[in-house]
Amino acid sequence: MSRNDAAFRVPLLAALLAGWNIAAGSQSPPPPPAQILGPDQCAPCHAAQTDDRLSSPTRWLAYDRHALAGLGCADCHGGDPRTADPQQAHGASAGFVGRPDPLQIPDLCARCHSSPQFMITYNPSLGVDQYEKYWTSRHGQLLKMGMRKVAQCASCHTAHNIRGASDPSSTVYRVNVPRTCAHCHGDPVYMAGYPIPTDQYVKYAASVHGQALLQHEDLAAPACNNCHGNHGAVPPGADSLAHVCGLCHAMNAQLFEKSPHAKPFATQGLPQCVVCHRHHAIAKPTPEIFDMGADSVCIACHRQNDAGWQTGKKMYALISGLSGLNEQAERALDQAQTLGMDVSDGRFALMDFRKSFLELRTLSHSFDLSVFSAKAEEAKGQAAQPLQTAKDALREFHFRRQGLLVSLLLSLPVLALLYWKIRHLPPRG
Amino acid sequence: MSRSPDHAPGGLGRLWAQRLFDWFDRRYQIAGLIEFLRHKDVPITGMSFLYYFGGIALFLFVVQVVTGVLLLMYYVPSADQAYESVHNIMAKIHFGWLIRSLHAWSANLLILSVMIHLFSVFFLRAYRNPRELTWATGFGLLGLVFAFGFSGYLLPWNQRAFFATKVGTDILGQLPVVGTFLLTVLRGGEEVTGATLGRFFGLHVAILPGLATLLVGGHLLLIQRQGMSHPAAWLKQPPEQRRSMPFFPNFLARDLLLWFLILNAVAAVAVFWPAELGDKADPFGAAPAGIKPEWYFLSQYQVLKWMPARIGPISGERVGILAMMFAGLAVFLLPFCDRAVEGDPRRRWLDFFGVAAVTGLILLTVVGYVSQ
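Residue numbers (the numbering used here), protein chains in the order written: chain A, 20 to 448; chain B, -2 to 369.
Check before you lean on any hint, since a few could be wrong.
[To be verified] Part of the chain A face toward chain B, derived, beta carbon under 7 Å:
| hint | residue |
| --- | --- |
| 1 | 59 |
| 2 | 358 |
| 3 | 359 |
| 4 | 419 |
| 5 | 424 |
| 6 | 425 |
| 7 | 429 |
| 8 | 434 |
| 9 | 436 |
| 10 | 440 |
Simulated from the structure, these hints should not be mistaken for laboratory data.
Glycine included, every Cβ here is placed at the ideal spot set by N, Cα and C.
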């Protein structure tokens, strides 16, 4: 979606919001519009306009959710759609409002979207609390203060090309949400008046979540709104971060809550998961997170050879050893497979090992060395099978070649004998 | 009782061999059979190497039968277990990989040999009177090896085979009048399912081998009865300059040497490039990227690809299929139509047609292989 989208370029054919009795921040939006009967003259007339600002909204009529549901232009813009006479259609007496002011948009949308009685006739499963949530959001709070340069409904959903969140071409489809947010939040010029960074999108796009969602289109990966909320978008506080991350990483959050780190983190007001994993730039954790080296986050608090230091070093040794085994098994299986050998059993065994390895990585959030060591031993035992499969496959590979060589060598005397016989058969003819 | 000079006594081994021969001969009169086998001569010309392809095809047919029977011991013809059983053959059964790879590679070589054999018979004019039926049975065998290839391709029940069969049977469905009926009969329904696998299995291991055995037997019997065809150029030579060799044992010994070499070569190919299996068939999955038929169907596939959507009121694909069927029919009827004598200008046309057909087949196959 573009800020300069048609939504914001609909002509101001009526200068003021005459007759539009909406107060920004009102908790009781007006009732939904009555259905306008008769043919709608807005679209044919606007489609014929040469000024793109006037004609562009009609391009989306075939896709727009509202248009497809039977809502007409006048349901939002007012006016009389039954007449093709511009003066009459756009007259103040017909309730024409033209382009709604950003301050008015939440109330405008809420006329329908906050009415359970109205919405149930279109989409019973859609919530009707967006309006209330919006005013609790940072965007809503700033809009209430009269700031127009904040996101309201049309900023994210567009004005005339509104599509369902499950439609891949929608601005609020999960894969598109980061770019929709970044349109404002990634623009340093636009965000100049706000004391927040504008590198979130760049960091997110490079993170494990961003790569999963944007590159692999993994819809299980979180977009901005999964942590920040959508209609009630606010930054999560330090004490609630574990809950936000724990929505997906439930085991990690539970183990962390019981770990020796939970209390000191809470006491010092440290933002839990973010301390080690950061927020927008969440990289794939490597064993080096525990190695107490220069890049290890542990050394920010732990001193050399204290109990935490030693636990971290031991965890690093175990997890890096298994990480090495994982790579070794993968390489060995790849090698055998490249040589044309079947290693599917080894692949299944490697999957079992990786499941244990993943459980081990999860267990690292408990910082309980005894539990961690026991799981590491179990995983180590599982790594033996794919390695053995690869080894057997390589042995079989060499056996086949040696077998071929032996069979060729054994064939030679037979071939020689046949050749000798052919040479010594009496010719005729 | 006739005694062949080759069976004259000489040493203990020969004595026992002679006794064994006599034992059988008294009961089954095999001396006459040997004489029947012996009377065939093979003319020696510059193109004599072409005579080996019939024998190679016969040998590879036997390899197909032997390896096919071995595969049958472990193969399970059901949509649930076919893929797993082939995987089991490739991964768990001792030398299963070798047997399946020999089966797959020798099948390809068999089709190639039969095609070369057919074209060599065409260019040597060996199909002409009185060998019309030998040609007809040979042409039938060519059709059968294609049918073997098409039906056998589905049996591993992998993704590639599934979609190739879907496309292949769709093409058959384009035939006028009988197309829909044929498609339904072959698939066992409207779609490619486990029922199709059952039918293709039945075709591949029972119906086609039965027909092939009958045709191979008839083909060999006719050749043995009529002897080898003598090329015109060989017949033109004065009788004293015509060179030939007895089929038995001279030519057969050469055949044996060649078969042994081919067996070793196929084994080497099987070791270095074992037959692939791919992913299990998933009717709801996407067709594998760049899916194409096997090389022996590539030329037909390319022709159909080049056909326009419609030619007049008929779909281009249907016109292409009918054109190929008529071309096949013309080739089948060739011995009954070719009455041209040596030196007749019509012979040049036939030679030109043959060269164009071979060149076209090779070019279409190459284009089909490299095209996207």
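Any of the earlier hints contradicted here, and which numbers?
Of the numbered hints given earlier, those the structure breaks are 1, 2, 5, 6, 7, 9, listed in rising order.
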